[in-house]
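Chemist: All chains should be modelled from the sequences, with the hints used to inform the complete structure.
Note that the protein sequences, when read in sequence, are chains A and B.
Using the numbering used here, you'd call the opening residue of the first sequence number 16 and step up by one each time.
Using the numbering used here, you'd call the opening residue of the second sequence number -7 and step up by one each time.
By construction, these hints were calculated from the structure, which means they are not laboratory data.
Heads up, incomplete: computed chain A residues facing chain B, CB under 10 Å, no partners named:
| hint | residue |
| --- | --- |
| 1 | Arg94 |
| 2 | Val180 |
| 3 | Gly224 |
| 4 | Arg339 |
| 5 | Asp340 |
| 6 | Leu343 |
Quick reminder that beta carbons are idealized off the backbone N, C-alpha and C, glycines included.
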Amino acid sequence: MYRRTLTATAVALACTLLPPAAEAQQRTRLTVYTALENEQLAPFKRAAEAAVPSIEIAWVRDSTGIMTARLIAERENPRADMVWGLSVFSLLQMEAQNMLEPYTPQGAEALRPNFRSDRSPMTWTGMDAFVSAICFNTVVAQQRNLPRPSTWADLLNPVYRGHVVMPNPASSGTGFLSVAGWLGAQGNDAAWTYMTGLHQNIQVYTHSGSAPCNNAARGEYGLGISFDMRAVTLRNQGAPIEIIVPTDGVGFDLEATAILRGSRNMEAAKRLADFAVSRPAMELYGRYYALVALPGVQPSVQNYPAEFEQRLVEQNFRDVALRRDAILREWASRFDSKSAPRN
Amino acid sequence: MSDAVLPARAPSPVVVPLEARLLRFGLLLALAVLVAGLVLPLGTLLLRAFQDPEGSFVGLRNFAEYATTPSLRLAAWNSLWTAALTTLLVVPLAFGFAYALTRACIPAKGFFRAVMLLPVLAPSLLPALALIYLFGNQGMLRELLFGNSIYGPIGIIVAQVFYCFPHAALILVVALSTSDARLYEAATVLRAGHLRIFGTVTLPMARYGLVSASVVVFTLVVTDFGIPKVIGGQFPVLATDVYKQVVGLQNFNMGAVVGLVLLLPALLAFAADRWANRQRSGLLSGRAVPYVPRPRRARDLPLLALCLLVAVALVGLVAVAVWGSLVTFWPYNLNLTLQNYDFDRFDTSGWAALWNSVRIAATAAIVGTALIFGTAWLLERGAPGGALASAVRFIAGVPLAVPGLVLGLAFILFFNHPANPLGFLYGTLAILVLNGVVHFYTVMHLTAVTAIRQLDPEFESVGASLKVPAVVTFGRVTVPICLPAILDIAVYAFVNVMTTVSAVIFLYGPDTKPASVAVVHMDEAGQSSAAAAMAVTILAITASVKLAQIATTGAVNRLTQGWRAR
Chain A
16 MYRRTLTATA
26 VALACTLLPP
36 AAEAQQRTRL
46 TVYTALENEQ
56 LAPFKRAAEA
66 AVPSIEIAWV
76 RDSTGIMTAR
86 LIAERENPRA
96 DMVWGLSVFS
106 LLQMEAQNML
116 EPYTPQGAEA
126 LRPNFRSDRS
136 PMTWTGMDAF
146 VSAICFNTVV
156 AQQRNLPRPS
166 TWADLLNPVY
176 RGHVVMPNPA
186 SSGTGFLSVA
196 GWLGAQGNDA
206 AWTYMTGLHQ
216 NIQVYTHSGS
226 APCNNAARGE
236 YGLGISFDMR
246 AVTLRNQGAP
256 IEIIVPTDGV
266 GFDLEATAIL
276 RGSRNMEAAK
286 RLADFAVSRP
296 AMELYGRYYA
306 LVALPGVQPS
316 VQNYPAEFEQ
326 RLVEQNFRDV
336 ALRRDAILRE
346 WASRFDSKSA
356 PRN
Chain B
-7 MSDAVLPARA
3 PSPVVVPLEA
13 RLLRFGLLLA
23 LAVLVAGLVL
33 PLGTLLLRAF
43 QDPEGSFVGL
53 RNFAEYATTP
63 SLRLAAWNSL
73 WTAALTTLLV
83 VPLAFGFAYA
93 LTRACIPAKG
103 FFRAVMLLPV
113 LAPSLLPALA
123 LIYLFGNQGM
133 LRELLFGNSI
143 YGPIGIIVAQ
153 VFYCFPHAAL
163 ILVVALSTSD
173 ARLYEAATVL
183 RAGHLRIFGT
193 VTLPMARYGL
203 VSASVVVFTL
213 VVTDFGIPKV
223 IGGQFPVLAT
233 DVYKQVVGLQ
243 NFNMGAVVGL
253 VLLLPALLAF
263 AADRWANRQR
273 SGLLSGRAVP
283 YVPRPRRARD
293 LPLLALCLLV
303 AVALVGLVAV
313 AVWGSLVTFW
323 PYNLNLTLQN
333 YDFDRFDTSG
343 WAALWNSVRI
353 AATAAIVGTA
363 LIFGTAWLLE
373 RGAPGGALAS
383 AVRFIAGVPL
393 AVPGLVLGLA
403 FILFFNHPAN
413 PLGFLYGTLA
423 ILVLNGVVHF
433 YTVMHLTAVT
443 AIRQLDPEFE
453 SVGASLKVPA
463 VVTFGRVTVP
473 ICLPAILDIA
483 VYAFVNVMTT
493 VSAVIFLYGP
503 DTKPASVAVV
513 HMDEAGQSSA
523 AAAMAVTILA
533 ITASVKLAQI
543 ATTGAVNRLT
553 QGWRAR
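Modeler: Pasting the structure below:
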């Protein structure tokens, strides 16, 4: 009796812990790693499964840094079939480690040239651009008499001292995006001088890329340097923030798609990659982002300046990715060693 | 073993040869689990400290490079002083609290016992959010900081004291709860004053617990990156270096270097444990009579005041978080709403994440407690010492010093390797269970060891002389006597696995996302009210489990602790 109970317990434990036995499935289940926003997951899945009925998407979503670390750690034995919605810098890192399956999705040649891989066949394809931007809390600004900045240069105004927060570029891709943008727009020397000046006004360099905008939305700080998409969710909740895309050149990053080398569902993954560059998919991206990879698609997202595209700096992703280590080391030696809090 | 040089020690347990082999086998089994779940994964990762990204051996080059990191010295110094200060604050506080619960006559002990655990019952984001609501730049009590910012060392230390308090208190309550009233009677007969008795009887008996608690708190603070990340601003500490290297730069080699550096506290802990080990002796002899405190105002009133103060602080923080989970958008729209609890609106896994967490935590509690208590008993009483026991003892102390990120990464590299026969575990709930048990092994092990050490080895000797196998003595005597401690261990495992983030963030699959990870995701997405709501829901589950344990304590004590009554 005792033994029977034990066996029953063991069986019960095994049942809870092991994955459910493979049911007879007609659809191929694709494991897709992503750093998309949570609210994008359901519409993206619905659209993709409607367009490619033979697949089912199983998301694993986390922040860009965590997702990239996980993908690289799993390199020996990839668990993901696809990456859909991850920073192009991460994909270039993976490309350098030979982790991406070369495949040119149908119609990918139509994408903007700097929004797709320069290899043939392609290793990745872009979806949309997100830019570094300023989250500006209008209530705090009123209380503290902070003027509304419209350029990066405005942020050097001593009136902002202690009111600006940005992500540490060594901890966060968003932080690196801003630094890369300044380097691209202003040139090397001017950009480092700019950052030294900005350092005087910065209250905190956060480890999380989303923290600056979240903190600005909660009124912890007046201004958070972050990326544009971040603010939408916060505004919908009633945060008094304005998203400012500075007019003196902003760095941008791409959300992109790639197939993992060694995917166990290669055919299905290729079908999803085809969908990811299609016009309906681009219209979907355009509901959230102001600039999508396919020319001629009019984004439906609101509140962006008409000449948004002209504000983006010229940026060679591969160059920037190659210089990343050197840039971060320089950044750390200038700002990290004296980053003890100033009270 | 050092025991050999101490002839005055209590008699070693007498065990029959066949049985000795069986017990030895049990210990080997425990070692095998620890090797597969900790040593090999960690080894796989730490080897990378001596490799370049392409995998060729580079000797100590990474260490040399790390030593040139501009902020390293500052970070190391910051880690040390914040950890030391936190330990100095937490251990006396926890000792006073535990002393009040075990050695004084104060009302509502059950309530205080439950409140003591509040900080571990919720994900660490919950106190961090509450501190921001209270002391942040828009905080309700920010004037109390006199213009200082909560984002920095002040925030780190306040949050760490909150977070470490239950760990220390749990160990100290166990250390103080078994006592021998005869010693106190003797001391009183000898006309020793209260202070003298405290210094010569109480403190020496609790010495092992004090050492353990200090080591645990110090190590927790040094290795935790969650609190410095959320509330530390840019105040550099060593643990956030791991985060930078692994998550920011995807440089696993440097991450491994920092991980190795952070293992130094574990070596310290091992040394301290061995030192305390040499000092120990069986405290609760077979003839022991439990100490029953009698009311004494001069002692009870200040202790009650201390307990109330701690309880107000702990409950207050949680209450702020509960309120935060009900507001629409802090601080601009304070209308109350229940919408934040509609998790499916914020996260695709929604309520399913909570069910995942409960399954993982319950399994970890059952499997982990059996493994850990059994192993602790084998170490202390079952098998004779030797290299095997030393190895297990050492390994048991390591997990405390391993930052969760390092453990999670180690699990990927080891279990996902194509040649690993255990690879089938990867991506299942089972690996999350194993990870949970390994991650929180040390404190549970210390609790078990503390409880077992307070039993006189005579129990086994008498058993052996009556030709009762040691295993039977274990089942009939040790387990019942230690049942309260065993339940403490199981609940500790459950609540920690429910709330942990750092290791599992690398390990969950499409269908196995735990609720604690969902909390972080919602906070990152700027939905802090929803994050607070999920954290409060986790707290509600863990608190119910804790309350169930307290509710059954009476019954358990009647069943198993009746012999202690005179």
